[in-house]
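**Student:** These are the residues of each chain, in order.
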Amino acid sequence: MSQTILRVEGLSKVFPVSYSVVERVQGRPRRAVRALTEVNLEVRRGETLGIVGESGCGKSTLARCLVRLYDVDSGRIVYDGLEVSGLRGAALRQYNRRVQMVFQDPFSSLNPRMTVGQTLREAILVHRLRKPEQVPGRIRELLELVGLPADAENRLPHEFSGGQRQRIGIARALSVEPETLIADELVSALDVSVQAQVVNLLLKLQEQLHLTVLFVAHDLRLVRHLSHRVAVMYLGRIVELAETERLFTAPAHPYTQALLRAAPELDPSRKSVVEAVKGELPSPLNPPTGCPFHPRCPQAFERCSKEVPALLPRGPEGRWVACHLLEATP
Amino acid sequence: MSEPILKLNNLCTVFHTARGRFTAVDGVNLELFPGEVLGLVGESGSGKSVTLRSILRLVRPPGRVSGEVRWRGRNLLSLSEPQMRQVRGGEISMIFQEPMTALNPVLPVGEQIAETLREHTELSGNALRQRAIELLELVGIPSPKERLRDYPHQFSGGMRQRVMIAIALASNPKLLLADEPTTALDVTIQDQILKLLLRLKDTLGMSVILVTHDLGVVAQTCERVAVMYAGRIVEVAPAAELFAQPRHAYTLGLLNSVPGAGSTRRPLIPIPGAPPDLTALPPGCSFAPRCAFATDECTAQRPPLMDISGPESPAVRLTACIHHDALSAAGEVTR
Ligand SMILES: Nc1ncnc2c1ncn2[C@@H]1O[C@H](COP(=O)(O)OP(=O)(O)OP(=O)(O)O)[C@@H](O)[C@H]1O
Ligand SMILES: Nc1ncnc2c1ncn2[C@@H]1O[C@H](COP(=O)(O)OP(=O)(O)OP(=O)(O)O)[C@@H](O)[C@H]1O
Ligand code: SF4
Ligand SMILES: [Mg+2]
Ligand SMILES: [Mg+2]
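Protein chains in written order, with UniProt numbering: chain C, 1 to 330; chain W, 1 to 335.
Just so you know, these hints were derived from the structure itself, not from any lab.
A few of these clues could be false.
[Said to hold, decoys possible] Using 27 Å as the maximum straight-line C-alpha spacing, the simulated BS3-like pairs for lysine-lysine come out as follows:
1. W/Lys174 / C/Lys271
2. W/Lys145 / W/Lys195
3. W/Lys195 / C/Lys278
4. C/Lys271 / W/Lys195
5. C/Lys271 / W/Lys201
6. C/Lys278 / W/Lys201
7. C/Lys278 / W/Lys145
Just so we're clear, the structure is a prediction, and the values are computed from it rather than from any experiment.
Go ahead and model the full structure; you've got the sequences and the hints to work with.
**Tutor:** Below you can see the structure in the form of structure tokens.
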């Protein structure tokens, strides 16, 4: 389990903000959203790595960079020895087969005029994974794998419920026999009772197919349930990464601590009346200097507003934290 | 316990649409007591928003509301529209699910607060302006004086929700209907808004109906809970009792679907299937097709909401589950 399959080094991604004529005439500087800044990450073969953080912290951007939907501005992505940003043509298609993304809203990513069977057939044939005469059997196999009825093959996406459409999205991703699945808010739009069905499916598939999974979500309970390790992001940076239970029972970064305190507990006898953290998320157009969390951090000290804390290993159990407090007392 | 401040008697809301006629709110009976926070939970489409809108008569055709909404001795459903306008946004305020569509995008927020103040209070001129500033301050908007002239799009999502609350509070309401007030927000902001709401409820002596589908939010904010399924209330209980021992199979299913702490990577216990189509409800208990406890009795006729309060529990417990006893014996919450 300790073999690294995916390594991200110093990854940065900036989105320019549309620049109005007035702004240009006034000679204002072009503004930009720093969606990802110097992200470092290692994903181990066969693990589920959870990625959490609040809206706009860069989770989807990271996921999209990993599957080359976005080009990165700087930094490297290395997958199983391959330099991902250098891949072209057939090599890129091969990479995209091995690393598949499942989207939050499968409806918008499925062709509304193609039946489920046609969608799956196309994916299988594009990558020449089966001989044409083997395709019908493979489609039945896939539908069974994700728990859809066999007659789903001849139906159109709009004839399915949200949970079933999510299964179609997963079946399509699996049809090309990937090694790594990137699930961006896979179950966020689903009702809890149906969420549990998809969560179980994901657990089962990972076991059967030895998949590596990046589980991107803002639901902390789900991430805790599914992940071996969890990375916490804030304003485009990873601020803490640790083995799941260690992260949830003993969070080290002040932001992780605040996030866990803010998440409403299921136990009515444990209510708190004080706010977990004050203040709002800063604008990514104008991120704070130093530690991105310092304007809201109850423990910030002088150094925090001046210097960006690096993500460094803390303790013997493979925990990484980016906070000056821990640097001061190793 | 004191007298209820609000009482819904057989509230029904029917829609006649191209897909057919369906009952979004189906014979809801519910009581709300002064100063309490009642959670209304259920899955998407179960009728939570329509219930709130029906209370304030905000359901537009093709929707039709019937039954009784007893509010401080009057039936709101039989008031004239001018009388109703006094109640709506006056004694009873509502915070809507979508803050961006509920705020007027072309009117400064100060002006939007002022509108409510003019309509529902005697204030004018400088006193009115002062009150608007006070309200923004109350909900935690920094430098409120400077922000009166700002438009909704100049506020962040969390700030817009605070503005919505300020407008809702402008009339000193006795009842606040809050429809998913934090669902679109980040968890640290959700936490701030919920705690703000609880504080304001205490200082202003309001009652609150809080609609949410997040069981954690219910556990943290509500004293009592009503669970809805396919347009019907299926269980009512004090929050602590509901979480400790659900007495409806659907509630048990909901609680089991949510992963608990420390159960990492174990399969969850989902509810099979999906919620029913309201235009084609199954006979009897609407939950029967998905229910592990269902018997012929459940599909034979629709189970009524029964009072099962025991001597050990002073607060009222209601359930529409025929097998609530079997449930309490067999169905431990697996968390
Ligand atoms: N295509 C784009 N063009 C311009 N800005 C973008 C684009 N995609 C993302 N951004 C910006 O980059 C930042 C990171 O966005 P991203 O979608 O990665 O966040 P996220 O963590 O996935 O948030 P959420 O939880 O809301 O999905 C945000 O400020 C967002 O507005
Ligand atoms: N104006 C309308 N016209 C027709 N049908 C409607 C209308 N408003 C709501 N409905 C239907 O009534 C049912 C109940 O809707 P409601 O909005 O109350 O659900 P909800 O419990 O609030 O769900 P959610 O959690 O998704 O907000 C749904 O089937 C919905 O499609
Ligand atoms: S670096 Fe400073 S501001 Fe940032 S989290 Fe640590 S203590 Fe807080
Ligand atoms: Mg995202
Ligand atoms: Mg609703």
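**Student:** Taking each numbered hint in turn, which are not upheld by the structure, reported in ascending numerical order?
**Tutor:** none
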